[in-house]
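> Construct the complete structure from the given sequences, taking the supplied hints into account.
Okay, here's what each chain looks like letter by letter:
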Amino acid sequence: MQQPQQQSPPAPATTEAPPKQVALAMDRLNHAGRLIADIRLGADRLLEAMFMAGESQQSNKPFKLIVQEEASMRQYLQDLRAVGKQLEDSGVLNESLRSRSNSWGLHMPLVCPDGAVVAYAWKRQLAGQAGASAVDRTRLALKAFTDQKKRFFPHLDDDNETGSPSKKHCDKQTSTGSEEEEPSELATVSDILLCLEKEVPDVKSFTYPRLKWLKRASLLPISSNEPFMDPSKEHSFHNSNKLGHTTINAEKISVIELLFPSIFRAVISLHPAGSVYPDSVAFFSPDEGGSYLHARGFSVHHVFRHITEHAAIALQYFTGISAETALHSLLLWICSYRTLFTKVCSKCGRLLSMDKQSALMLPPVQRPYRDFPVGKFSSSEQTSATNYHQIIDSIEAYHIGCFPEEI
Amino acid sequence: MPVKWVLHWQPNAGTSVNSQILTEVSQCAESINGVKGGRWKATLNFYRPMLKDQVNPAEFPRDFLGISLQEQPSKYYFVIRGQRIVLEADSNIQNIMEKLQSYKSRVALNFEGFQYQLGDFQLRVGKVVPLHSESLRGIVMEIDYLPISSWEKSHQIMSEFYDIWQEALQKRSLPGHFARMEPNFGDYGLGDQYTLPHTAVQYASIMLQMIATAQSVRN
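Protein chains in written order, with the numbering used here: chain D, 1 to 407; chain F, 1 to 219.
In case anyone wonders, no lab produced these hints; they're calculated from the structure.
Keep in mind that this is a model prediction, so the values were computed, not measured.
A hint or two may mislead.
Derived pair list, reagent style BS3-like, types lysine-lysine, alpha-carbon separation capped at 27 Å [to be verified]:
1) Lys75(F) x Lys104(F)
2) Lys198(D) x Lys153(F)
3) Lys153(F) x Lys204(D)
4) Lys153(F) x Lys343(D)
5) Lys204(D) x Lys252(D)
6) Lys347(D) x Lys153(F)
7) Lys171(F) x Lys356(D)
8) Lys36(F) x Lys356(D)
9) Lys171(F) x Lys347(D)
10) Lys356(D) x Lys153(F)
Structure follows, in structure tokens:
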């Protein structure tokens with residue numbers, strides 16, 4: 001135990017690390033507490049002695065007691081003063097303590113709701129001590145999680161506030177002539193996909209609850225080993241799913257599959273399930289199959305891996321512009337990749353180019369996403385399928401090294 | 001399965017193929033960032049009927065091709081070019097043919113070489129050697145583009161790669177070039193999705209030139 005009255009003056013607060021200072025301060029405070037207790041006891045004894053003296057005037061005992069007590073009391077008070085001085089010097093006790101119990105930026109000492117006194121409240125929570133209540137720990141964890149979510153996923157608004165989306169069909173017959181700023185009101189996934197199929201007739205789109213997609217992914221590719229592929233087998237599977245566009249419980253839809261036969265397959269996941277907010281996207285060869293085929297997976301082929309990386313950035317961009325229209329924009333942008341193996345680079349005019357960074361021969365895997373002409377797709381004119389094809393196919397394509405800086 | 005183009009070395013008139021050219025071709029593959037992989041091997045047999053005198057020769061196909069491919073060692077592929085027939089059989093058909101003695105293998109060639117990986121492209125460069133021999137009689141190449149299995153959809157990208165490959169080779173001033181034939185798969189009953197019978201048909205198409213090259217070396 002420390003003897004504070006014999007000790008040298010306390011080290012200045014600046015040279016020792018806060019934990020050491022805290023430990024010292026704790027010791028001194030405890031000592032002060034004991035001294036105060038001793039002083040209280042001494043005061044009681046003095047009172048008792050005076051009472052005894054008042055009772056019987058013969059004995060000398062009370063007098064001796066009083067003198068003895070007085071001496072020890074003086075000592076205690078002196079010690080207390082010394083400890084107090086030490087605490088003042090080390091900054092524990094000062095004027096500002098009256099307004100804020102905060103030293104060195106730490107809340108110490110802290111009285112926890114259960115009455116225990118500690119230096120750092122978080123230390124208890126970290127150590128999982130019995131004293132720290134489960135409520136406190138949960139509250140801290142939730143706060144940390146929410147902060148992180150806000151920082152890294154700013155577009156994920158409060159899930160509870162979406163409410164029930166009103167069902168409106170793809171708006172093709174609105175006011176004549178005017179170019180609308182916003183695309184037509186496409187509030188559900190079914191609406192968006194129906195619209196997409198009108199705009200891009202050769203895409204095949206399907207929706208799945210999450211587990212159903214995993215099952216399908218493991219079964220892919222269908223009949224890759226047979227020498228003569230039977231397309232009717234694929235169609236029957238697709239059709240049964242396609243009918244389910246509106247019959248599948250809309251709240252469970254969390255995966256969209258876009259297939260351009262013989263070109264690519266894109267998998268988009270929605271979060272939360274049933275909403276229209278895309279969460280991630282990945283591209284694969286139509287011949288690939290396996291449980292790694294999901295919106296956060298990566299293809300075995302370099303070309304699709306690069307597209308997936310680029311698509312992640314496009315997704316962030318579309319979501320940043322408007323969370324409501326992000327899915328429609330993203331799906332249309334994905335459809336622009338139907339020219340992946342045929343459209344030459346808009347900068348160098350070639351289809352294949354050796355990418356310097358990866359030392360691979362790749363086709364133009366990047367397509368611009370800024371100023372994506374979504375508006376053209378929602379025009380009120382009766383646009384034919386060939387017109388849409390032209391719009392989609394007119395979207396430029398670039399090799400990785402050819403992608404313009406300004407876009 | 002991924003689409004494949006089969007190419008064969010066409011020496012310039014008056015020249016012939018030799019192992020130096022093979023080395024140069026392999027180095028060229030590595031110069032465009034090809035990563036050398038494992039070995040590959042295929043075998044080709046050229047069958048002629050064993051005709052007895054009484055038999056009408058017109059009834060039998062004059063010749064047909066049998067080929068065994070590394071991707072599927074348990075199968076054997078027959079191609080009869082005259083009648084545009086391609087057939088997939090079990091690999092023990094070769095034993096049966098030996099026993100039946102109705103057709104005999106007149107020319108047997110081995111293709112041996114290495115694979116090179118170029119990102120999503122896979123190259124195979126192989127020498128053509130007769131069975132039980134070491135002498136080089138030709139060079140054969142296969143180009144695979146792994147992400148696509150549609151013949152039609154891959155055509156443009158394969159053509160461009162072929163051009164890039166030819167350009168890279170030309171810098172080495174070799175006495176010849178890689179040629180290819182584009183057979184009409186539809187005639188053989190094959191579809192747009194690429195399969196091993198497609199490969200067999202491509203080999204059958206370059207067969208005659210390859211045999212001519214092989215014979216010119218011998219001479």
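> Of all the hints given earlier, name the ones this structure violates by number, lowest first.
Nothing - there is no hint that the structure violates, so all of them hold.
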